[in-house]
Amino acid sequence: MTSCKRRALTITIIAVLCLLAIETAVFANGAGKNVKKIKHSHRTDLRNLGYPLINEIPANSSAITSLITASDGKIYGGTSGICEGEDAYFFIFDPVINKVRHLGKIKGQGGIHHAVVEDKNGYIYIGTGKSILEEFEMHQWEPGHPSNPTEDLIDWDKVDIRFPSYGDHIRYEWKQLKGIMGYQYIDLILWNDIKNHFKDYPGGHLYRYNPKESNREVKLSDMDCETEDLGIPVAGNSIYTLTISPKGDVIYGLTYPDGHFFIYDIGSKKFKDIGPIQKEITFHGPERHWRSLPRAIICDDSGRAYTSAGRGVLVYYCPESGKIVSTGLKIPGDSYPAHGHTDYAVVEYFAKDDSGLIYGGSSDGYLFSFDPEAMEVINLGRLRESRRLRCLTVAKDGKVYLIAGERLTSRPCKLYCYDPQTGGFEDLKILAVDRSPYYLWRGYQFDSMTTGIDGTIYLGESDRRSHLFIYIP
Amino acid sequence: MLVRYQTMKRIDKKQGFYCLLNTLVILLLAFSFVLCDNAVAKSKKGICLVESVAYPGKDPTMWDGLYAAKDGKVYSALITEGGSAHIYLYDPKDRSHRMISDVADLLGERGQGIRPSSKIHCQPVEDDDGNIYFVTLNNGSGPANVDFASWRGGHWLKYDPHKDKMEDLGLVAWGDGPYPLAIDTKRMHLFGIGFTGYLYRGDIKNKTTKVLGRVNNRDICRSIFRDDEGNVYGSFPIARIWKYDAETEKVYDLSIRMPYDPTYYPSRLTNPAIDRTHEWRKIVWDPVDKVAYGVTGGSGSILFKYDPHDGPEGKITELTKLCDPKFRGSKNVPYSTLTLSLDSKRRKIYFAPSARKYAIERYIETFGSDAPHYLLVYDLKTHKRTDLGVMRTTDGRRVFGCEGGSVGPDGTVYLCGQIEMKDPKNATRHTRTENAPIALRLIMYKPKDN
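Protein chains in written order, with the numbering used here: chain A, 1335 to 1807; chain B, 783 to 1232.
Hints may contain errors.
Stated by the list, open to error - Listed below are several chain B residues computed to face chain A (Cβ distance under 7 angstroms; list not exhaustive):
1) Ala955
2) Asp958
3) Gly1093
4) Thr1164
5) Arg1167
Unchecked claim - With a cut-off of at most 25 angstroms between alpha-carbon atoms, the simulated DSS-like pairs for lysine-lysine come out as follows:
6) Lys1613(A) - Lys1581(A)
7) Lys1072(B) - Lys1748(A)
8) Lys1533(A) - Lys1127(B)
9) Lys1228(B) - Lys852(B)
10) Lys940(B) - Lys852(B)
11) Lys1454(A) - Lys1533(A)
12) Lys1127(B) - Lys1072(B)
13) Lys1087(B) - Lys1127(B)
14) Lys1072(B) - Lys1529(A)
Unchecked claim - Quick look at which bits of chain B chain A covers, simulated, 3 or more residues with Cβ under 8 angstroms:
15) 908-914
16) 942-949
17) 1033-1041
18) 1212-1224
I should point out that these hints are in silico values taken from the structure, not numbers from a laboratory.
Bear in mind that the values here come from a model prediction, so they are computed numbers and not experimental data.
Just so you know, even glycine gets a beta-carbon here, dropped at the ideal spot from N, CA and C.
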């Protein structure tokens, strides 16, 4: 035997002995008990938006920005594109088959933002528009500057009404000198950027979808959704949010960027434009390229449709008078008098419990309750330094589940629970699903929630490559 | 085994005997390894002689921040987590090595009570005028006891070697900074992925940044590349590739799969997660053949070729395995290092694999390992892999874990690695088992056939 072979044999024997010894040592000393277990701290799971690589909603179109629970227990959702030129998709999650199937794309429409409702006959209505998640260039200087190719789209005759926070002499000069004077001001440049973004946009449509006829067909990625086009409520505007009356016969909506409140009467198939919900243009943030407009409407049991308006005041549409009425109540927001502000928080999302109590989230991250009978708003608190209470839903046990956090790349949203019985919030942390080695995903952005008939909470991820998240309380 | 375990639990004396046996056998095995290792060291065969140059600073860590520029100068971006990242410039002509930027100082982060830009993870990139670009981050570098919200975010940096000036090109994103970096020299765009998986595009001329959407999950792809048309590519689990299309300015998830062997162990076995072992670890663009060469994170460090122009989504060809020689044939291979380096002129690929033992419970890197580390070469002409041997410096010092790699215009292979320090005062770390004093040095391997 050569020395090399002897060495190899010796090492082999030692290795075998060592392995046996280690194995013995581990079990003899009870170290096996200390091996960490895989632990799931969240009762969460997720569903892909279709069959991967076959008919899944394309990643750039997959941000879920609308979710509802239909009367038959099925979950319907709408998506938005995250960049220009992407189509919105409509989809269904059927708890019986435990899968998401998309129901087709809404061709030429970039997003469905908080704009899916069900009527009394089980038809689903979809409001569309340009995707609010789509970024566009914000300019530093006025139109005509070499760096800014946009057109001057400011209505200079009404500029004093739209931007009332400036002194009388400045607003007078704006009207007199138009862009020469006004474009020194960054809010006017920003508003002009937004108007240019919508310049050639005809307007978002309201569509009707018939689940009985169209749910059965399985769609491939590029197939269209079978819808009936009911028209454009307000020209040049996206549909920003929708709700439906308790009887399920009248749809209320708000538009972006002009903030018109509109009504669609299902019986007569007619739109009515009530006009702007607020006149002034504000940019309260935290999203810098969004005009501050309310992102939700909700009806109380009597049929009044509530939302927020100028200065963060809760207003409602009164069906009897056909007018927008102020409640005089303000939704919670942050204000610092030393900063000389006239901006204000807007409502992000609403949900109602079984008693008719309305919960809302504000763009400054506050949860509040609103009792429409007592006409009382209670500030229930703010969860994070990061602003925005993005979406919320009331669970079967009355607890409120909510997603808080801005649309930041560095600080993802988190799930929280508010218990009305005890008060206070429970931090349920980042929504993470770990079914490794098969799949694993952390959800960072969410903009819609709903509670299923069995109490399951559904959360719509709103990112590139999004999923429908499921949380079982 | 369970029966044996239960039996032994009842007999305490036997437990003591087995524990004694364990200790003896482990000591015997360790002794035999030391003997074998010394035998290798004393033999000239199997040794890869390298030169090394000290860094002027004391930074203990480096990932992919090494780049040999077209003019032959070598840039190293080193890391002091909890402190500042530092950028060093080595000139092989006069063998000078100097610091060109204290990043926290450059960005005005010192004396503010805030978390600084402690880290540069990316391999620097170069534009057509010879300017070098970096991107900074903190992303968990702490200090952990200082307000996590205080770090402002990563910055794109540009170094002009003609003016010897480092310029801040602006914030990438508030509170986020990218790991990998790529450049489109035609459109003058920089690309990077932050720690939450969002792809950023920095406009060098306008000093603005755009978020292109989320491309990664919990473990970020550490290396991306730009092809000859300006498209940018990265990987995501499981063994997938995304592509940023320069024409449409959108990201698409491709259906093509990179090499992946699920039977190899993940980064750790206690809680197997879908992580970097399911992505590529390092990838480089070959301007000659207009293909990319990459090494997988897991799967035994598979070297592969990706031709993005062959077919609608490109074509992937598996070439060889680049794991440390002692792991060949094994499934418990540590994940790859970031040392993959291409000499496109001489058609060679170099790699210094991790030599640390696979850890079941821990997620550890090659840094700190006591094991001897090899340098491998793959010849693109002959398709042959060669073990160049265990790295030793010309003055006889051991070379341990290496990260980052780049080949200079003259064919010199540069690595950044931990080298045994004769004087412990010069150490910045110690190896885990032997407690040998070590420090990062710029390593140079000069192939004889250049």
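Need the list of violated hint numbers for this structure, in ascending order. 3, 4, 5, 6, 7, 8, 11, 14, 15, 16 and 18
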